[in-house]
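Chains as they are written, first to last, in the numbering used here: chain A, 1 to 341; chain B, 1001 to 1341.
Keep in mind that a hint or two might mislead.
Stated by the list, open to error - Straight-line Cα separation of at most 25 Å, DSS-like style, residue types lysine-lysine; simulated pairs:
1. Lys145/A with Lys1272/B
2. Lys1145/B with Lys272/A
3. Lys1145/B with Lys1168/B
Unchecked claim - From chain B, some residues computed to sit far from chain A (all C-beta separations above 12 Å):
4. Arg1006
5. Leu1020
6. Tyr1087
7. Asp1091
8. Ala1108
9. Leu1139
10. Phe1285
11. Thr1298
12. Gly1320
Unchecked claim - Pair by pair, the computed Cβ-Cβ distance ranges are:
13. Ala1062/B with Asp21/A: 50 to 60 Å
14. Ala297/A with Pro1214/B: 47 to 57 Å
15. Pro1146/B with Glu287/A: 25 to 35 Å
16. Gly216/A with Thr1258/B: 20 to 30 Å
17. Ala1032/B with Gly203/A: 52 to 62 Å
18. Ser60/A with Val1067/B: 44 to 54 Å
19. Glu1059/B with Ala282/A: 34 to 44 Å
Simulated from the structure, these hints should not be mistaken for laboratory data.
Please read all numbers here as calculations on a predicted model, not as lab measurements.
A virtual CB, placed ideally from N, CA and C, is assigned to each residue, including glycine.
Protein chains: 2
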Amino acid sequence: MTTTNREWILAERPDGEPDLDCFELRETDVPAPDPGELLVRTRYLSVDPYMRGRMRDAESYAEPWGVGDALRGGVVAEVVESESDAYDAGDLVTGEGAWSDYATLDAADVAPVDPSVADPEAYLGVLGMPGRTAYFGLLEVGEPKPGDTVVVSGAAGAVGSVVGQIAKRNGCRVIGFAGTDEKTDWLTDDLGFDAAINYTTTGDYRDALDSAAPEGVDVYFDNVGGPITDAVFTRLNLDARVAVCGQISHYNDEEVPTGPRKLPQIIAPRAKVQGLLVSDFATRFEEASERLGEWVATGELEHRETVVDGLENAPDAFLGLFAGDNIGKQVVRVTNDAAGE
Amino acid sequence: MTTTNREWILAERPDGEPDLDCFELRETDVPAPDPGELLVRTRYLSVDPYMRGRMRDAESYAEPWGVGDALRGGVVAEVVESESDAYDAGDLVTGEGAWSDYATLDAADVAPVDPSVADPEAYLGVLGMPGRTAYFGLLEVGEPKPGDTVVVSGAAGAVGSVVGQIAKRNGCRVIGFAGTDEKTDWLTDDLGFDAAINYTTTGDYRDALDSAAPEGVDVYFDNVGGPITDAVFTRLNLDARVAVCGQISHYNDEEVPTGPRKLPQIIAPRAKVQGLLVSDFATRFEEASERLGEWVATGELEHRETVVDGLENAPDAFLGLFAGDNIGKQVVRVTNDAAGE
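Please construct the entire structure, taking both the sequences and the accompanying hints into account.
Written out as structure tokens, the structure reads:
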């Protein structure tokens, strides 16, 4: 086994759009596990839009990263050495770890990965935080009813693609916004969306909505913000629900962005607009994992991962999120090898 | 009894801020009641901000008024002639009627006014639609808990003044925004608000909130929109609730107004922002009327009406709402005389 380790740190805070200067790969020693801990070798790591918020020096729901701190996020990893009875060397686990080759994780903070259910990287997407976000966000905040029209922005992303499919299971008409024809084709041809709107080639989003959602919008699951959201708010039905999961189009804004005021628009439809964080549903994660796992195992729930190879390319994978490079979940494959090979 | 009648009609639709040219007083005959109807003489009529919406040629929750149509709203009136067993001549009733001296009302659509509970004009304010809006909007949408900090905009208006007092009954810390020192003094000295902010003389609303609401904002009851609302949204606590009751600062905008985007701000606090219309609670109006009536009769709930005299001055009273002329409920006294005098 190698004794050298690499990990990414925050080199500087971004000003506006982040670039590669914000990241630095440093060499460290492979850490040794304490009792109750696992030494793991990273197979896949997750890059997610919310991480942009952690790069800011501002309090939010996730603690900001300090300059010089290791970057962290969801990982799928193989146990190399176990100081816990719960796992053995060779087991695959998922949890929160550093962007590194090797790391120590508390065995109490990880969950097993079952490769018979899905490829391991799916545990960072449909079977991980994004899948649970879609599950609770749609069902508990969006409250979709059969016959409702559900609109999803960022529909071909890790969260949006699951939102739309669960909405279809719920008997809804589902319309997705995505940024390429390849994505919109995936939504309608593979995932069963009723319609998909390519926001880069469509001129008037309101007209497009009038065609795709002629009866108006009952549920809007928003991952994006900006002009898509502005258009959807003009088409909300009575008692519409808006789940505000993400606003990726605004994450690189250094000033508070301006746009059409929405509060005057929500009175007549009595719309409910609610911010959403998956951690609020932590006591029910098992419920989501069980159902999502079953739907994935039976093939009823489609999923896709966009894989960037190599730990050294993790910042590129992260930056690609803001360019919409990913279809489904964006992950970084750190190694495919079994540990020690 | 006189046989001439006067009523206000919509002469033209306003472009931006309405003015007197939008209104025309015409003479008509006193109508005759059909079976089941009452001929009434108007004592007080209500002017309300929502009426601005009815002057637009756009579908909304209230049907738009047509040019040439009689203007309508809440009235307190005396029965002159009854074709119903439910009421006798001389009874005071409240319901929805025209801006006129005389009108016919369906007896099934009116409610009795009990002058032993409060002066009749209070049935257009604290004991009418505004009071019920405050009651259901605060309790059902705002969901205040003891210890919560509640902020109210338009706090010295018909709705806001009741919202704040009910929030105090609920054990909340209550802060109101209003536009004159006379209003803020009324809020703190008479209504028991913990603090009041004069938005015309205060430079930085965020600083003012930090002093008045040092623990942040749990409930925001918004009647106004604009910069006050922009400031409050930066101070929302975890799980904050925003009841969007009115947006009077935007009612005269002909273009969709722009402002700081709020959706990115509600994710971290998981705030719930909901549009509110009192008619959604129609099945529970009796509950509100009973409680509000009891609190008013015992003097526990303060109320105030700003009275403009004369049917001919009704448009001025309406226009004054947008200048903040009223403290408490703005009403028009059409006549003080008993019918027939």
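Comparing the hints with the structure gives:
1. Restraint check for Lys145/A and Lys1272/B: the C-alpha separation of about 20 Å stays at or below 25 Å, so the hint holds.
2. Note on Lys1145/B and Lys272/A: the hinted pairing holds, with a Cα-Cα distance of about 20 Å set against a maximum of 25 Å.
3. Under the criterion of a C-alpha separation no larger than 25 Å, the hint pairing Lys1145/B with Lys1168/B is consistent with the structure, at around 10 Å.
4. With a closest Cβ-Cβ approach of about 32 Å to chain A, Arg1006/B is found to remain outside the 12 Å limit, as its non-interface label requires.
5. Distance check for Leu1020/B against chain A: the nearest CB is about 25 Å away, which clears 12 Å, and the non-interface claim stands.
6. Residue placement check: Tyr1087/B keeps its beta carbon more than 12 Å from all beta carbons of chain A (closest about 34 Å).
7. Under the 12 Å C-beta cut-off, the non-interface status given to Asp1091/B relative to chain A holds; the minimum distance is some 35 Å.
8. Distance check for Ala1108/B against chain A: the nearest CB is about 26 Å away, which clears 12 Å, and the non-interface claim stands.
9. With a cut of 12 Å on Cβ distances, Leu1139/B stays outside the contact zone with chain A, its closest approach being about 16 Å.
10. Interface exclusion of Phe1285/B from chain A stands, the closest Cβ pair being 17 Å apart, more than 12 Å.
11. Against chain A, the non-interface label of Thr1298/B holds: every CB pair exceeds 12 Å, the least being about 33 Å.
12. With 12 Å as the threshold on Cβ separation, the claim that Gly1320/B sits away from chain A holds: the shortest Cβ distance comes to roughly 21 Å.
13. Distance hint check for Ala1062/B and Asp21/A: the Cβ-Cβ separation is about 56 Å, which falls inside the suggested range of 50 to 60 Å.
14. The given range of 47 to 57 Å is respected by Ala297/A and Pro1214/B, whose C-beta atoms sit roughly 52 Å from each other.
15. For Pro1146/B and Glu287/A, the hinted distance range of 25 to 35 Å is satisfied, since their beta carbons lie about 32 Å from each other.
16. Between Gly216/A and Thr1258/B the beta carbon distance is about 24 Å. The supplied range of 20 to 30 Å therefore holds.
17. For Ala1032/B paired with Gly203/A, a C-beta distance near 58 Å keeps the hint of 52 to 62 Å intact.
18. Judged by the Cβ atoms, the range 44 to 54 Å given for Ser60/A and Val1067/B holds: they are separated by roughly 51 Å.
19. Checked against the hint of 34 to 44 Å, the C-beta distance between Glu1059/B and Ala282/A comes to roughly 43 Å, which is consistent with it.
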